[in-house]
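If you're matching them up, the sequences are chains A and B in order. Residue 55 in this note's numbering is what sits at position 55 of the first sequence, and the numbering runs on without skipping anything. Residue 1165 in this note's numbering is what sits at position 165 of the second sequence, and the numbering runs on without skipping anything.
It cannot be assumed that every hint is accurate.
[To be verified] If you want a taste of the chain A side facing chain B, the calculated C-beta under 7 Å gives, among others: (1) L19; (2) V21; (3) R30; (4) C67; (5) T78; (6) A80; (7) Y110; (8) P125; (9) V203; (10) S220.
These are computed hints drawn from the structure, not numbers from a lab. A virtual CB, placed ideally from N, CA and C, is assigned to each residue, including glycine.
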Amino acid sequence: MTFKSFIFGLLASFGLPWLAVVVFPFSKMRALEPAKFEEGDRKGLAYSPMRDGRVNEGSKIYGQEGCYHCHTQLIRPTYAGPDVHRDEWAGLRLTADNPDTRRETVPTDYDGEDVAHIGLGRVGPDLSNLGRRLDHYLKGRDLTPETWLYLHLYSPRTNAGYVENDQEIHSHSTCPSKSGLFKEIPAVQAGGQALPLYTPEGVAVIPTDRARALVSYLASLKKDTLGAPLPEAYNLNPTAPTKE
Amino acid sequence: MAETTSNADSLDVDLRATIDRSLRHPVMFFFSSGAVWLALSIILGLIASAKKHAPDFLSCFSFLDAGKVDAAHMSTLTYGWGAQAAFGMLIWLMARLSRKECTASGIILVAGHVWNAAVAYGVLCIMGSGSLGPWFESSGIAGMEFPGGVWVVLLVSFILISIWSLIQFQVRDAGHVYVSQWYLLAAMLWLPWIMVTAWLFVFVFDGSPLMATGIASWFKGTVFALFFLPVALASAYYLAPKVTGRPVYSYNIALFGFWSLAVIGPWVGMQKLAGAPIPQFLPAAGAAAMVMILIPALSVGVNILRTVQGHGKAIALSPSMRFTASGIVLFVGYGVLSFALNNNIGLKVSQFSYAGYGLDILGLYGVFSLCAFGAIYFIVPRITRREWLSRRFIRWHFYLSLYGLASIVICAVVGGVFQGQGTEDLTQPFLTGARRAAAYGWGITLAWGFLLLANLFFCLHLLLMWARLGRRSSHPTLLNKHHSESPHGPEGEVDNYGSATI
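Just chain B, with the same shape it has in the complex (with noise of 0.2 Å):
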């Protein structure tokens, strides 16, 4: 009886060795091309807030004038990073749960390659508009920068990438479908139905200059909404369990949470056009919709979270538990914060302050990366064979993070709060409430440095082992000290293909 288990357990783990050594290449490439642009993203982040409050910084290169490093820097944050990990943890994680290796990896790198070429060719035209000639002029529609030809693409490289995960999907061995494949699904119909519907309805079909900018912001608050969340959501559903050794919570909250997002999600996006003379209904929907963002967020969170509970040390222990849970808390902040800045008197102060953009910022580095950064520490060592060199990193990355994280968001949302008040007092001339924002704007301005310097950790780690430089043990590096106790399990059962239960 015993020999038939451990016979089975070894079929189990030379089957995800399979699927894990089938997806190196592409997961590899994802993550680690994805973390050199959050890099460059974040320096960019960081020349965009310093333009705010000091006009003059490197006002030597056009190609770094004020409006342009805003675009390129959110553009690399959403395209370049966050877009790649997620890729990697979704064909990465649908293989997995679908228990099927993957067997079109050399398209998808193809594909990535050609995703990254459409990114810095996007970025190029951003900042060379003007001075590289007309092959590099970017769209100048906000939310939308990159010209109409770079979404072609991007879109045909993401159906070549997801396509094959739909596929073992499909051709999985029946069984149970999890909580993660849910999301991961969703998020794979989603993009390109968002993503066709954009680009036809801003670059081709000649309607309205307000509907497109009001359908530019509607595929800006979508992309984040139906296709970042419930990938982000997808890694948390499946490392909760997975680190704990429990089942999800519960399966009706998790029903009520993804469908909850589903209705929701959606309507986001054209709360930025309130007061615009659009039909008013659109920017409402918009705002009605980021304030019941709410509802999926305390859903999900009190899931996961009641998933974890009781295994404080697992949280404190593994790299990955620490980054998804702070992610999940976060996605309940977010939910919190997004209701108190969309809602009626909310709206009127954040709609065109720095809270906005504090907002953006909580949903993608807070939500969307915490979750990523989580998923990237479990799933590396296991397609690389090796384990993280340093634990020290780690703890850098992820406490700079959250600090570099928390001063942007605070800053830039009771800045925008005060900005906001200021703009709207009319018994103050203008430029009050622009001074009052310029100081905020000092803050965030650090707090890209602390994020840059938490990303170098990260890029750094994350290079060495692309570059197979990672330990070679069976010991996943955990954030402790002594090894004597695991979240994976006992000694001797950890290998480096994953833990023995899947």
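Excised from the complex, chain A in its bound form (with noise of 0.2 Å):
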């Protein structure tokens, strides 16, 4: 093996993987085609998904507070797991009141963000419907998503309740406290910001500013379709497995 052909070797074995597995796929994925409508009064249209909220600056916070490393945001498709069927994490079940609206994932659903918060494990539950999941559980209730995003930030495990298979399930989070995003002030100052929370007498706690933009945001994951309907060709809602 002279050294021309060692060279040569290793910028053939690591040449063609790049191009297959970097080059090509990022310069695909940076202008894909959008998705048309194929049926109804939409049809040959372009969808063009909504967000609101401060969506990339309260992403950059999500990664920056390391929440990626316990929560994911991905309903993966059938064949790597059965996201789509665990309760409201792909989108609401039919009800009286709304279409069936689980998905998995589309690559819309990152738009706005830098980077697509895919997420390393989950050891708490998957975020990627998180806004309209909270909008569902606290109906009737004298809460915004908002409010209880606060309150679970700034102390997961005495707030208002985690919900799941419509049952209330209190102080059950592991989700560490992120009580740095919060700061207390005199009561006097704090306006109408205070967290409704048990304070010492005078004390109020009120967000700050990153608390605000990662709130918003968190509030912005709806990755379902309620009011706006999905393309054909994103709206990959597979038949639930009957009960055992």
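Each chain sits in its own coordinate frame; assemble them with the hints.
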């Protein structure tokens, strides 16, 4: 093996995968054709997803706080995992009030973010649909999703409760507190921002700007299609398995 | 005749002494600062693990928030300890194998300080995001948490550290190219290519957020497979024949092992994105490559273990060989585990569970670090011209490392499989899987405690050597009570410059 053939071998064995898994997919993914509606009165029109909230800024803070170590944002197709069928992770189930909106993750779900927080582990639940899930659970209660999120970030085990299978489960969250995102100030200065918490007399807890951006982002995580139809190509909602 | 031989021998000894002297400062700097980073990383690993099952642990410090500690733990383990240990091994092995002294140790030393400063700044950014101000913000990208600029500084310092080894190889007196040199050369070329690619495609070019995540994941996978693994294997291919005094068992298997890693390694990484809306073949190729890592693992394992076969005494007595042989056995174990966790059944339960973490730690601490410890126990006495002070410290380091490592990997993999199955099982609420994992989380925390203890022995021992407080003796520190028999050759022939054969 001469030095020249050695270098050539390295160039070939690294260069080919480099093109195949980095360069080509990158250029393909940066210019994805928008999905088009195939039926109905929107036929032929391009689908443009909408998100509101401080998505880019909040996504960055989500990454900096390291939320992706314990939370994923990915509803896998059924060949890779049963995420679609897990509670309200992938959207809401069919009820009298709303259609079945569960679906897999599509590329446009991460629009507006610099990096897709797929996540490394599931110590906590998937957050793909967190915003819509909160809307759903908090319906008819005197708590906005934003306030619930502030309380959860500040003190995860004493907040208004965790809901699963339509049952409220208290204090089972294993999420560490992010109290660094909040500050204590004299109650007279808090205005309307104070969190509804039992605090010492004259003290109020208010969210910092980082907490506001993060919560705005978390509340924007609504990956179902309530209100806005999804083009057929993205509508990958599989039939649920029959209960055993 | 006898006179010329001994003349040639003494010239040889002189040359090796010159090489060792020329590299003394940078190599000792890399090893000792690496050891301090390792201790820090283990403390962070312990805290990070504890927070998974006891979320209120140390929650009063926002810089120790769960996600931040996790990121700081893996970053210090990889770039503080791993990379620096690898640099020390790389420059010393290349100089010895090319038989050229280093003429740029000053530049290497400066670049090493820059590397350390960049890693320290990066870690401050990770832990200080949101509290230290706008200059200290991490990127928040899994696997590449340091801010974009830090990667450029790391890349430039790496080039300034390794370019001299490339030159040494080029200007060496023509002759045999050792197996170790293939791995070192390849590692020196792969790492800059990987770093430039990841930096450009993640931080500079504006692309899909999914590909940023995917390429960062590819970066993490390939840095291990194409930098840490090759450097560890180079050291094993150097030490096994050297300590046993036998040539490498089979040149053809070595060739096959090297090229199979070169062909398979560049594909790994994106299996972490299985099921994400990216071209489906990316995670499939990543998972297939992780499954096929078993091929280079088996070939290197067979080759090294056949080389040292029948020299049980060398493994028992020589600290270098004991660590290296364990590292190689664990490489085979890594291949088997990677096979089990990345095939299409295993990946479902390992993708988002502790099991993937167990595999990462087995690779970085099991395979790479054990080989690095082996190399350090071999190299440091030669460059400081002092022998290790205490065989008891070495023994404790060895047993505690192995015990702690085994506990982490077993807890993470077994707990991770239960966790993964619990999460996949739709008849159970999500919390079931999470609760199952928490029990094993306790085990992982405890095991990091063992590793911390192991590395206090190691770090203290190394710092004493760094302070030139080693034994002044011509007998290497071996792991037996009496120096009656030595794997480094008969008594008297042993000197502080290395054994008489290179």
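Hint-by-hint comparison with the structure:
1. L19: Check failed: Cβ of A:L19 comes no nearer than 10 Å to chain B, outside 7 Å.
2. V21: holds (6 Å)
3. R30: holds (4 Å)
4. C67: holds (6 Å)
5. T78: violated (9 Å)
6. A80: holds (3 Å)
7. Y110: holds (4 Å)
8. P125: Constraint on A:P125 satisfied, holds at 5 Å.
9. V203: The hint is violated - A:V203 has no Cβ within 7 Å of chain B, the shortest such distance being about 17 Å.
10. S220: violated (14 Å)
Hint compliance for this structure: hints 1, 5, 9 and 10 are not met, and every other hint is.
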